[in-house]
Each structure stands twice: as C-alpha cells, then as structure tokens.
Amino acid sequence: MASSSKNNPSAKASTTREVGRAVTELETKFDLFRQEVDADLDKVKEANKVLYTYIEELQAKNGHLHARVEALEGAGDEHDGTDGGGGEGSERPDGIASDEWAKKVRRSKELCNSPVIRSLVGLTLQHLMGGASAGVKISKVATFPAYVEDPAQRPVDSATGQPYLCFNWDVGHDKPANSAQFERWATYTHQNGGAILPEASVSLPSVLLPHIKLRCQEKFNYIRKQWQKAKKGREAAPATPGEGGDPSTSEGPVKKEGGATLNRHSRARGKLELRKRKQSSLPLVLEFAGHKYDAALTTTAMSSDEDDPDVEKQYRTRPPMYRSDILVNFYATVDAQPDTGSAAAARRLTKCVVGPPKDTEPCQGGLVANRIRTWMVKPELLAQHPEWLTSGLVVTSGEAWGEPEPVDDVKGKGRKVQVTAKKREVILVDDEEAPYKVKRQKVLGGQPEENLFMTDESDGGSAGEK
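Numbering (the UniProt record's numbering), first residue to last: 1 to 466.
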C-alpha cells in the first residue's frame, strides 16, 4: 500500500500542495513578523531621538553645574572663607563708644569689599614687586619675580632703597619666608595706596588695617593657587592632550624668519580646518558633535602654534589659561578622532608638541560670530575680569547655552553686553531646559511622549499576537 502511494501521482500532488500551503503560511507569518519588527524598530528610533534630547539636556545641566561649582570654588579661593571683617586689631579702642565702633567696622568692611580696594591690593603688590619697570603684571603670574631667600640679595627699588617683594608662592603668607613681606604689603596699601590708585584716597581713611590685611590675604591665596596651577601646567605640559590642538600635528609650513604673525594665522586656519574635519566624524550621539559648540571652531579660539626653539621643523602649541574645562574637553575629544582628510593634507601636517600654558586674555574676534563665548572661559576668570565682557572680548553664549544671543551692531564690531557672573548664573538656572523642550516637541511631532514608550502590556499586546 505504501509502495502504491509512492507511485501514485495524485498522492504526490497532494503532498506538494500541502507543502506549498505550509510554505505560504510560513511566508505570511514571516511577513507579519517582519512588519512588527520594522514597526517596533521605527518606534525605538523615535524613542531614542527623544532620549538623546534628554541626554543633551542632562549633559548641559551637568556642565552648568560644573561651571557653578568652579565659580563658587574660585570665589572661595579669592575670599578664603572670610568676609572682610574681624581679624586682629578689630577690637574696639578705648574712648570710642561701642555703637560708633560698630559703624566704623561695618563701613570698613563695606569699603574693603568694593572694587576700588580689591583693585588696590593687586596694584600695590604689583608696584612692590617692581611694577612695569620690572615687567611685572599682577594678572600674569609668569611675570612675578622668583623667590630669593636672602633679603640682602633681592633687587632693590632705587627710589626707596627697599628690596622688591618676592614671595615664596609654595608656602602660605604667614610662613617665615613671606610674613614680613606680607606685613609690608598690607601696611603700604593702607598708608600709601592713594598714591598708587587715586580713587582709593577717599576710602582708605575709613578702612581698618586688619581688613586690608584680610583682603591682601585673600589676594595672596588666590594668586598662590594660580601660581601652583601654572607650575603644575609647566611640569605636565609634554603629556597634556587636547589643550592646544592635535598634540602631535599641526598644519602649515615652518618658517624661522619673517612673516611671523601671518604665519601663525595660517597655522591657526590649518588647525581649524583639521578640527572641523575631525568634529564632523564624531558619532552623532556624542554631545560634542552638535552645533552647540560651533563657537569653539573659529580661528579666534585656536591656540598659538610657535616655532619650537629647540627642534627644527616642529611647532610648540601654547593653550591659553582662560579656557574652561568644557572647552578643554571638547578639544580633547575632537583631537582624539582620526583625520578624515586626504592623504595630501596628512602629508602637510607638521609635528606639534604642547608647550607651557599662555596667560593671556581672549583674542579680539571682530564680528560677534568669531568672538570667544562665556562658556569657553573659566567662570572665576570672567568674574575677575568683567572688562572682558564689557569690552566685547567675550560675548554671551546664546540660546543653546541658556543665554541671550549676542548681536552685531551696525558697524559689525559686536554690541558690548554687560553680563555679571551672578546674572549669568541666574540665566542658566531659569532657561537651561527651554531649548531642549523645544527640540523634543519637534521630534515628537505633536504626539504624546508616553506613546513612544508604551510596552506590549500597556498597549494591549502586539498586533501580531494570536
């Protein structure tokens, strides 16, 4: 019987039809399954887009929080936990009523917290270290005189016969190496500050010496930290990545003579093009791949590439010390990317090493689009140099950073916008979520956000369930 069925054509045809129906049924089920997978994949892609906006928002908030912490730490460094009051010698002298003395103390503290006295302690220190004649600038610790232990060996001011101050910044102001010099600085500021800064002449008679000492102490502690940072930067410079461009290469010809400024500009343009190529190859999911960081990709923002004095046909890049941690991390991430340029461009690259940081103010960028933004500068330095904002060297970061957009004036030089550190912090707190909410709404296209995250259990099961 089995043998006859095998030889029966109708039985074979029936079997073939059954197999065909089974295959067709499998194909139908597979098509349904593929449609479900495609639909789920599209849903996951849309959900991921929304999640990416949350990631961007959280990264921005984290950056803003980091900036605020830096600003608070900078303020703490400058103030060193004091408020300009109290201190030795602030006890009420005999013969002065307590309420009258309390008024004098309050007035002294107010004056010591004023910009005039804050500027004065720095200017008197600069003067006592040698001033312009010795090339000393209070804003540039690299110009400060080296410490000389023996007072008899220190350079002397020919006008007064007194040795110039030369602090040992590795130790505190009250250590034997510095205590006498510190007392001289504070006393000179209190007694002779009006000759250095005439605007202070009105305030100084009402300022108590202990408060001047506290202000000098705060300034000393702040400068000491900057000195130690610069020292650490010089020691770690050869192994520091991402601070001045690609740590190993730069574009442009090496020339030892003539056209130095033009040559540096050419190198800045070459470095800029290199970084643009590298940033374009960053994965889109990374924060630094977005247009939010375009302000960092201008020739104004590029660091100086100088001819290395020790090695022929090699550059030494010197990143500015004002760069914020966010900007340093951005350049480090971009520089770590492989170059997507042509082989010819790669052959033009010249070896570049990282040199010591450069204590300099932001470069003038001309049009607002080319200027340094507030997010690119350390918050504590912005607070220390409000003139960078008022002069237009630094402009607001724009809506992507929760700040107003800077506007070109009719002359194309950029409107000067006054933004204090405190105002900037308030702007960031109030508006930092807004751009991301707008972006999410565009991604959602009007549909409720929860629709993208509904599971099979929440939406009644898959369409393909039997």
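Honestly, the hints are just simulated from the structure, not real lab data.
The structure displayed is predicted, hence computed values, not measured ones.
Virtual Cβ for every residue (Gly too), placed ideally from N, Cα, C.
Take the hints with a grain of salt, since some may be wrong.
Label-pair ranges, simulated between beta-carbon atoms [said to hold, decoys possible]:
#	residue 1	residue 2	range
1	Val37	Gln364	55 to 61 Å
2	Glu405	Pro176	36 to 42 Å
3	Pro198	Pro386	46 to 52 Å
4	Lys49	Ala336	22 to 28 Å
5	His291	Lys45	19 to 25 Å
6	Glu387	Val44	36 to 42 Å
7	Ala22	Ala336	52 to 58 Å
8	Asn192	Asp339	54 to 60 Å
Evaluation of the provided hints:
A C-beta distance of roughly 57 Å is found between Val37 and Gln364, which places it inside the suggested range of 55 to 61 Å. For the pair Glu405 and Pro176, the supplied restraint of 36 to 42 Å is violated, since their beta-carbon distance comes to about 54 Å. Between Pro198 and Pro386 the beta carbons are some 21 Å apart, a value that contradicts the proposed interval 46 to 52 Å. Range check, Lys49 to Ala336: about 26 Å between beta-carbon atoms, so the 22 to 28 Å window is met.
Taken as a hint, the range 19 to 25 Å holds for the pair His291 and Lys45, whose Cβ atoms sit roughly 21 Å apart. Our hint of 36 to 42 Å for Glu387 and Val44 is violated, since their Cβ atoms are close to 51 Å apart. The given range of 52 to 58 Å is respected by Ala22 and Ala336, whose C-beta atoms sit roughly 55 Å from each other. The hinted range of 54 to 60 Å is satisfied by Asn192 and Asp339, whose Cβ atoms lie roughly 58 Å apart.
In this structure, the hints that do not hold are numbers 2, 3, 6, in rising order.
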